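Dock chain Y against chain C, hints included.
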Amino acid sequence: MLFSSYQFVFLFLPVTLAGYVLFDRFGGKARSLWLALASLAFYAASNWQFVPLLLASVAFNFLAGSLLLRGKLTERPRFAALSAGVAINLLALGYFKYAVFLAANFNAAFSTHLVVDVLLPVGISFYTFTQIAFLVDAYRGQVARYGLPHYALFVTYFPHLIAGPILHHKDMIPQFEDERARFPSQHLLTSGLMIFAIGLFKKTCMADGIQPFVALAFGPIQPSFDQAWIGALAYTFQIYFDFSGYSDMAVGLSLMFGIFLPVNFNSPYQARNIIDFWRRWHITLSQFLRDYLYFSLGGNRHGVVLRYANLMITMVLGGLWHGAAWTFAAWGTLHGLYLCVNHAWNRCRPRIPQSLRGTARVAAVMLTFLAVVVAWVFFRAESLPSAFAILSQMARPGMFVYGDRERLAVVYIIVFGLISFLAPNTQQLMGYDHARRTVGTSFQGKPVSVRLQYAAACLLALGILGIQKNSEFIYFRF
Amino acid sequence: MIAVRFLLAVVIATSLVGGFNYLVDPLQIFRPARFYEPGYPTEERLHNAGLIRSQSFDTIFMGDSIGLHLRSSEIDQRFGTRVVKLAMSGSTSREQNFVLKAALERGPKQVLWEMDDLLFADVGEVDSLPYFPADLYRMNLKGTATYLFNLETGREAFFLLLRSWNWKPISNLRNGLIRAGYLKYDKDNVDELNTFDEVLAPSAYNADKCLAAYKFYSLPENRSRLGAGYDQDVMVRIFERDVISLIRERSDVRFTIYFPPYSMVQYAAMRDLAAPAMLRTFFGFNSYVLQRLAQFANVTLFDFRDDAQMSHDLSQYGDAIHHSPATGRLLLSRMAEGRSRVDGSDPYRSIEQLKTQINAYRLPR
Chain C
1 MLFSSYQFVF LFLPVTLAGY VLFDRFGGKA RSLWLALASL AFYAASNWQF
51 VPLLLASVAF NFLAGSLLLR GKLTERPRFA ALSAGVAINL LALGYFKYAV
101 FLAANFNAAF STHLVVDVLL PVGISFYTFT QIAFLVDAYR GQVARYGLPH
151 YALFVTYFPH LIAGPILHHK DMIPQFEDER ARFPSQHLLT SGLMIFAIGL
201 FKKTCMADGI QPFVALAFGP IQPSFDQAWI GALAYTFQIY FDFSGYSDMA
251 VGLSLMFGIF LPVNFNSPYQ ARNIIDFWRR WHITLSQFLR DYLYFSLGGN
301 RHGVVLRYAN LMITMVLGGL WHGAAWTFAA WGTLHGLYLC VNHAWNRCRP
351 RIPQSLRGTA RVAAVMLTFL AVVVAWVFFR AESLPSAFAI LSQMARPGMF
401 VYGDRERLAV VYIIVFGLIS FLAPNTQQLM GYDHARRTVG TSFQGKPVSV
451 RLQYAAACLL ALGILGIQKN SEFIYFRF
Chain Y
479 MIAVRFLLAV VIATSLVGGF NYLVDPLQIF RPARFYEPGY PTEERLHNAG
529 LIRSQSFDTI FMGDSIGLHL RSSEIDQRFG TRVVKLAMSG STSREQNFVL
579 KAALERGPKQ VLWEMDDLLF ADVGEVDSLP YFPADLYRMN LKGTATYLFN
629 LETGREAFFL LLRSWNWKPI SNLRNGLIRA GYLKYDKDNV DELNTFDEVL
679 APSAYNADKC LAAYKFYSLP ENRSRLGAGY DQDVMVRIFE RDVISLIRER
729 SDVRFTIYFP PYSMVQYAAM RDLAAPAMLR TFFGFNSYVL QRLAQFANVT
779 LFDFRDDAQM SHDLSQYGDA IHHSPATGRL LLSRMAEGRS RVDGSDPYRS
829 IEQLKTQINA YRLPR
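Here the protein sequences line up with chains C and Y, keeping their order. Heads up: the first sequence begins at 1 in the working numbering, then just goes up one per residue. Heads up: the second sequence begins at 479 in the working numbering, then just goes up one per residue.
Here chain C stands alone, though its shape is the one from the complex (with noise of 0.2 Å):
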C-alpha cells in the first residue's frame, strides 16, 4: 500500500488511528500490539506473499538477539553466533536481491542457460539492515532487553517498514515501551499532519509532476545536449522529491503515533562537499554504512590508504544495496571516489581569502551538485553504456533540440532548483527536533504560524488531488 493512495490516507490511517485511541486505554503493551497489526495489514494488503518471510526474519532475529543477551555463552561461540545470525540475514538478502543478478552474470560469463526467477520482497534491504544493526549491538553488549511485542513492532512498523528510515532500536524501542506516552496532543497530531502534507505534495505534485521529463535522457531515442541534461537533472529532483518526500510522510504519520522518526535528509543539494552530501543525503542509511560496515572495516584508524580502501568498498557496496546491477555499483564507486579525493583535498587544501569565501562557497555547492546530478545518470540507466551514452551527449554540446516540452522542462528545473537550494527545508519549517523529541518550533525559533498551518492544508489538498494511478516511490524497489 503506497501512502500517496486513497485507501491509506482516507482508510488506512483513520482506521489505524481510531484503533490506536481505544487501545490507548489498555496500556502500552495493546497499543503496540494493534500498531504492529496495523502494521503486518499494510504490508499484507500489497505483498501478502511475503508476511512469512517478514515474521520468520523477526522471530529468528528475536531469538538470535535474545542468545546473544541472555545466553551464557563465552566469547567465541558469541562471535559464532553473531557471525551466523548475520551470514543468515544477508543469505536471505542475497537470495532475494541479488540470485537473478548473479545467474544473468554467470550465463553471460559461461555461456549457460541458468533461469532464477525470484521476486524481490519490497522493504527487505530495509529491515535486514534494522535488524543486523540490532545484533551487532546485541553483541557488543549495546542492547537492553526487549520484549517480542516490541521488538517486532520495531521491525514492522509501518512508516518505515517499506522505504526506511533504517530505525535504530535504541532509539525507537524505548519510545514504544514509554507507558507514560499517551496517545500523542493535538500538537503531535496537527504536526504530524502538516509534515505528512509537505510530504505528499513533495511526491504527488513535484516528484510526479517533474517525472515525465526524465525519459528525455533516459527514454529509448539518444538524446540531445540539451535534452540529455534536462533529463539528469529532472532525475535529480525527482528522486530527491520523491525519496525525501516519501522520508517526511514516515515522519509526519509516526509523529501521529506520538513517535519520533529521524529524519533522512536534509537539503543535501545544498551540500558543500560530498562528504557534507553523504551527512544530508539518507541520512540513516549513512550512518548505517558507517558504524557497521566502514567502522567495522578498520575505519580511518590503520593509516590513509587503507581509510581510502574502506571507503571504497563501503560505497560500493552501498551502492549494491541499493540494486542488483552493475549500474549501481558504479554509482557507488563513483560516490567513493568522490569521497577519496574530497578526504584528499580537505588534506592540502589552500587558505582560502576571506573576501572570496563567498564565491567559494557558490562553486562548492555547485560543483558537488554538478558530481551528484553526474552520478545519478548510473544510479538511474538502465546499463552502462546507456550510462555512458547520456553521459558522453552531456559533454557533447553540439546538437539542441529545445523544443516546447525542452523549454517547459527547465521552467520546472529552475522552479525546483530555487526551492531545493534555497528553501528551508520540512524539518526547518516544522522546527522538528528528533533528539530532543519537540516539534512545532520554525526555524526562526517562533511557534509554527496559523499561515504555515494553513498552507499545509492547501499543500495537503493539493498531494491529495495530485494522487495517481500507478506511481509508486523509486525506493520501493530497493
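A hint or two may mislead.
[As the list claims (entries may be wrong)] Here are a few chain Y residues that sit away from chain C, every Cβ distance over 12 Å (derived from the structure): (1) L501; (2) D554; (3) S567; (4) L639; (5) A679; (6) S823.
[Claimed, not checked] Simulated restraints on C-beta separations: (7) Y609/Y x F400/C: 26 to 34 Å; (8) A755/Y x Q222/C: 35 to 43 Å; (9) S46/C x R728/Y: 36 to 44 Å; (10) S642/Y x F400/C: 29 to 37 Å; (11) S642/Y x F10/C: 32 to 40 Å; (12) N618/Y x G27/C: 38 to 46 Å; (13) M366/C x V601/Y: 45 to 53 Å; (14) S723/Y x K29/C: 50 to 58 Å; (15) E718/Y x F26/C: 55 to 63 Å; (16) S534/Y x Q7/C: 32 to 40 Å; (17) G219/C x Y514/Y: 29 to 37 Å; (18) S46/C x R827/Y: 50 to 58 Å.
[Unchecked claim] A few chain Y residues facing chain C, derived, Cβ under 10 Å: (19) A481; (20) R483; (21) I490; (22) Y660.
By construction, these hints were calculated from the structure, which means they are not laboratory data. Note that this is a predicted model, so its numbers are computed, not measured. Each residue gets a CB set at the ideal place from its N, CA and C atoms; glycine is no exception.
Structure of chain Y alone, referenced to chain C:
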C-alpha cells in the same frame, strides 16, 4: 481543536478544486460544454467516457487501430447516421464490449463494428488494466471522485476556460503546453479525433512500409509474435463472451459488423514464417465467427478480406494490417452499396476465396 481546523481547511481547499472541476467539467461527463469551447483528449479510452455522455448519436462506431482513423462525418455521409466514434487503438474485445455496453445505455439503435481476429486476446477484467478508467464509464463514486478531485482535470479545465478569453498570449501558451505534452485536451473538433492528415498519407502508407513488416517477421526474434496468443479454443470462448452475448442481449440493436482487409503481406508472413498451425487456426476461427454471426437476425455482416483489389494493393498499407484512410472510405462506400456482404446461406465463401488467394500469392520482389 487545531487538528479539526486543519482538516477542515483541507476539506475546503479540496472541495474548491472539486467544485471548479464539476462546474467546468472538461471531459463533459456531466453535461455538454456550455460556456466554453470544448476540447478533447486524444487518448481514446479517456475521451470515450465523455463522448458517450456529451454527444447525441444514433449509431456507435467501434473498432481498434485499423478503423480508428475513420471520421464520424465520413460514416454519417454514407449511411445517413449520427455516429459517435468509440474505436480504441490496441483494444481487445473485452474493452470494446465494456465501452459498447456503456454507450448503448444512451439508446442508439445501431452499432457499426470493425472487427478482426486480433481483438480476441485473453486479458483480465477492464478494472485490471492500468490505462483503462473503467469507473469513469460507470460514473460510480470512485470514478467521479477520481475525476473531480484531480489536479490534472483542474489544469485542463483552467486552460479551456482561459482559451475562451481569446487572448493571443494565452492561446500561444496553451498551444505550447499542448505541444510539450503538459495539456492533453488538444483537439477542438470531435470529428478530428484520431484522424489522419491526408498530406502525410503517402509517407505513412506505401508498399515499402508494408513489405518491411514481412522483413520484421522474418527476424528470428520476431517470428513468435505472429502466433502469440493464437489459440482457437480461447479465441472462440472470448468471442462468445464479448460479442455473441452482447448481440443476443441487445436484440433491439442492429449490429453491422465488417472485417477489414489485411494486406496479403500479413497472410504471406503467416504462411511462410509462422508455425503451420497458425493459418489453420486463422481459417478455423474465422469460419466459426462468420457462421456464428450469420445466425443472428440483428446482424449485418461484411467481409472484405477476400477483396483482392484492396488486399493486394500494398501501397495502401502502413504495415501488414493497417490500411490507409482512403481504403477506409472505400470500405464504407462498398458497405453502403451492399457489396462484400456475407450471405447467411453460404457464410464460408469469403474465407474459402481468401484461402485460394493466399495459396497463389507471391510477394513482389
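Checklist entry - Which hint numbers doesn't this structure obey? => result none
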